[in-house]
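Trainee: Count along the sequence shown starting at 1, add 128, and that's the number in the working numbering.
Derived from the structure by calculation, the hints contain no laboratory data.
Keep in mind it's a predicted model, so treat the numbers as computed, not measured.
Heads up, the beta-carbon is just placed ideally off N, CA and C, and yes, glycines get one too.
Take the hints with a grain of salt, since some may be wrong.
What the hints assert, rightly or not - The calculated label-pair distances, taken between Cβ atoms and stated as ranges, are: (1) 239 <-> 294: 25 to 33 Å; (2) 188 <-> 280: 30 to 38 Å; (3) 205 <-> 234: 23 to 31 Å.
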Amino acid sequence: LEHADAMRIDNFSPLSVPDASTIESQQKYLKIDIKKLEAEERYKAAMDTAMKPYINSMVTEVTSDYDILEKMKQLIELFTSRDKSLDALNNNQPVDIINSINEYIKKAAAKIPQPYVITIPYTILRLLTGPEFEISNERKYSIAMYVYQKCKTCQDLSLYLNVCNIGFYNLLLKLSWENFKDIKRLLDLTAEMNTNGILGDIETVETLDTLIQGVETTYDSCIPMEDELDNAADTAKGILWTNKARIYLYDLKKYLQKLKVALTVEE
């Protein structure tokens, strides 16, 4: 919520937002659907609490980036060989899902609980983002791309649909930018999200807003001063600034504007 200002939308144009009703109301304030956001955050917090015993049990056995990679392999294998009849648990209400996880954890804290369609994607993301598992961003990117490629090439489509969720794509966006400063990579990822019907969330907005502002600040002048490059938020230093890069940035801004509209409601 502290980053809610990023949801303010200014300077709409028919090119960036083709929906007529949106254009007509472009002078109006749009706001976050707070109730939906609160529900999502409560569920995330409940998942963190429910999975904590299992995550804690992994800390002792996962002590390096190699261990994390091996754990990823185990989790993917476990997911593809799972009892699919238990996938129906995913259709339960959030409170029932949390209660089910708690019951499994009570029986064996060191064993990942059911339903795997929820707990395995959660664990994969936690291994890459949790403070308990500190590895470099370069290694995080390599491991995340390994998981990504395994999901995309797996015959079991449910692996991709469940593991490559919005949280995983948000991580790929951040790591891709931090490691390569390549706008085209981000545009390809957002295009893939659109194609697969994966709507971004507040974190997506914050990530893209920050990097776009950083790029625009850095290249606002034709030849930026060195100290301005160093101090720019999420600096774009190192980007080969070509006409194509400008087009990619423009397209990324269009995606971000549409995402903000999709995530907000009229006041």
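Trainee: Indicate, hint by hint, whether the structure satisfies it.
Mentor: Evaluated hints:
1. 239 <-> 294: 25 to 33 Å: holds (27 Å)
2. 188 <-> 280: 30 to 38 Å: holds (32 Å)
3. 205 <-> 234: 23 to 31 Å: Taking Cβ atoms as reference, residue 205 and residue 234 lie about 25 Å apart, which means the hint holds.
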